[in-house]
Amino acid sequence: MVLVALIAASFSLSTVLWSGAGLLRIVAARVWQRDGAHHSSAGGGADGGERRAPRRLEPSDVAVLIAAHNEEQVIGDTIRSAAAQVPAANIFVASDGSTDGTVALAEAAGVQVIDIFPNRGKAGALVEGISRFSLRDRFQVVLLLDADSRLRPDYLLTGLPLFDDAGTVAVAGRATSALHPRPETWLGRLLTAYRERTYVFVQCMQKFGQASRRANAVAIVPGFASMYRTSILDSVDIDAAGLAIEDYNMTFEVHAKRLGRIAFHPSCAIAETQDPDTLRDYVLQMRRWSLGFWQTVRRHGAHVGVFWFSVGISIVEVLVTSIILVLALPMLLLSTLAWLLADVARLGGAGFEWAVAIAGAVPPVIVLLGLLIPDLCVTLIAAVLSRRLPNAAALCFPLLRIVDAAVCMLTFVRAFGAAGDGRWISPTRRSIPAIEARSVDPTPDSAPDSDLAPDRAVAEVVRRAAT
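If you count the sequence shown from 1, you need to add 83 to reach the working numbering.
Keep in mind that the hints are not guaranteed to be accurate.
[Unchecked claim] Pair by pair, the computed Cβ-Cβ distance ranges are:
{"id": "1", "residue 1": "L270", "residue 2": "L455", "range": "48 to 56 Å"}
{"id": "2", "residue 1": "E400", "residue 2": "L482", "range": "47 to 55 Å"}
{"id": "3", "residue 1": "A249", "residue 2": "V99", "range": "30 to 38 Å"}
{"id": "4", "residue 1": "V496", "residue 2": "D118", "range": "48 to 56 Å"}
{"id": "5", "residue 1": "V366", "residue 2": "H386", "range": "41 to 49 Å"}
{"id": "6", "residue 1": "L107", "residue 2": "D247", "range": "29 to 37 Å"}
Keep in mind that the hints were calculated from the coordinates and are not lab data. Since the structure is predicted, the reported quantities are computational estimates derived from the model, not experimental observations. Glycine included, C-beta positions come from ideal geometry on N, C-alpha and C.
Given only the sequences and the hints, what does the whole structure look like? Please build it.
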């Protein structure tokens with residue numbers, strides 16, 4: 084029973100359902116390609132029901148808005164990655180109370196900058212930037228880009244065609260961990276490897292299926308590098324009161340107000356983000372994300388529809404999984420102690436009988452295998468998708484899952500008793516090299532140690548499956 088519970092904690096019903104939906108998308112794409120002429124004449128698409136936009140959007144139609152708070156270590160490279168795809172006149176920086184060189188660096192890069200004091204939080208900075216720069220009136224799409232994120236050179240080339248469907252109002256960016264600069268500590272490399280595994284597994288095994296046109300159940304349009312049609316911005320409460328982060332709420336707003344479809348594909352709109360490389364920064368970020376999710380759930384409540392049904396299932400799964408994982412470690416320690424007393428020490432007495440009972444009911448090896456085996460399966464699936472062999476550090480991933488679970492439970496309690504104002508403290512940044520200086524060969528058969536190879540491999544697996 085313990086083993087079954089721990090396995091279920093890794094492979095949830097949502098994962099199974101949305102993985103199946105993703106496979107159906109791939110099958111539909113194959114059928115559409117085989118009978119492409121017929122579907123094209125009927126106005127359909129790979130998922131069916133597509134309404135074609137009057138014309139394909141171009142980079143000149145896109146405004147890039149970067150909200151930043153004390154990001155002098157990374158803002159220059161972020162701007163350069165954007166300037167490689169849109170004119171500098173299309174790039175806007177909203178500095179939210181920065182006290183370092185963020186504003187000076189942005190101005191030196193030739194982009195438009197506003198300096199907001201006092202700081203309002205990321206959501207407030209976005210609202211101010213959209214208003215002050217008149218982005219709704221001047222552009223058709225706004226790309227919200229975090230100051231620590233870098234667009235892949237083909238971000239717009241692959242992302243803008245997703246707006247060909249006139250019903251698409253947002254494109255969720257595909258997240259991948261920035262490999263440069265490499266974290267200096269072993270713990271830092273462990274944290275970033277774990278986060279990258281999460282990105283690959285969740286985006287390919289869940290989000291790809293959620294984004295099918297008939298489901299339209301994408302749970303989050305991540306604020307690190309995603310696009311929205313400016314025509315819907317007046318309908319989205321970006322800076323809603325009492326929320327720690329804005330991206331969950333913006334996504335829920337799109338669904339609640341039935342504004343349109345959210346598109347996502349693993350091979351499109353890819354951007355690198357710099358993940359925390361210290362445990363403190365990691366926990367703070369997870370707390371912020373988790374708190375923002377629960378606050379958004381509290382704010383929006385329940386509605387009818389596929390998305391809301393999916394969210395309801397996910398809430399139950401997340402809570403049950405978190406409880407199981409939080410209890411797993413003390414259970415392992417207790418069962419190990421009982422085994423030592425029962426099979427090794429053999430002290431006798433009432434304590435011995437209790438130890439025998441516990442060790443027999445919950446053998447420590449079962450608890451350990453229940454933690455390790457399902458998690459290793461997740462790691463192997465991510466490794467197959469990314470064509471990147473995991474290393475021994477993957478054995479520590481279950482401990483980080485327990486950390487995630489503990490944060491989830493604590494923020495669940497806090498979300499229903501405290502509000503957040505969205506003001507931020509940026510984690511420690513690593514100064515990063517410009518992405519243009521690295522290889523960006525788009526061919527899928529690059530050397531396995533190439534900076535971009537693992538992520539290209541994920542996209543290529545999905546692309547080949549659909550062709």
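Hint-by-hint comparison with the structure:
For L270 paired with L455, a C-beta distance near 20 Å fails the hint of 48 to 56 Å. The hinted window of 47 to 55 Å between E400 and L482 is violated, with their beta carbons roughly 21 Å apart. Distance hint for A249 and V99: a CB-CB separation of about 32 Å, consistent with the stated range 30 to 38 Å. In this structure, V496 and D118 meet the distance hint of 48 to 56 Å, their C-beta atoms being roughly 53 Å apart.
At about 32 Å, the beta-carbon gap between V366 and H386 misses the expected band of 41 to 49 Å. For L107 and D247, the hinted distance range of 29 to 37 Å is not satisfied, since their beta carbons lie about 21 Å from each other.
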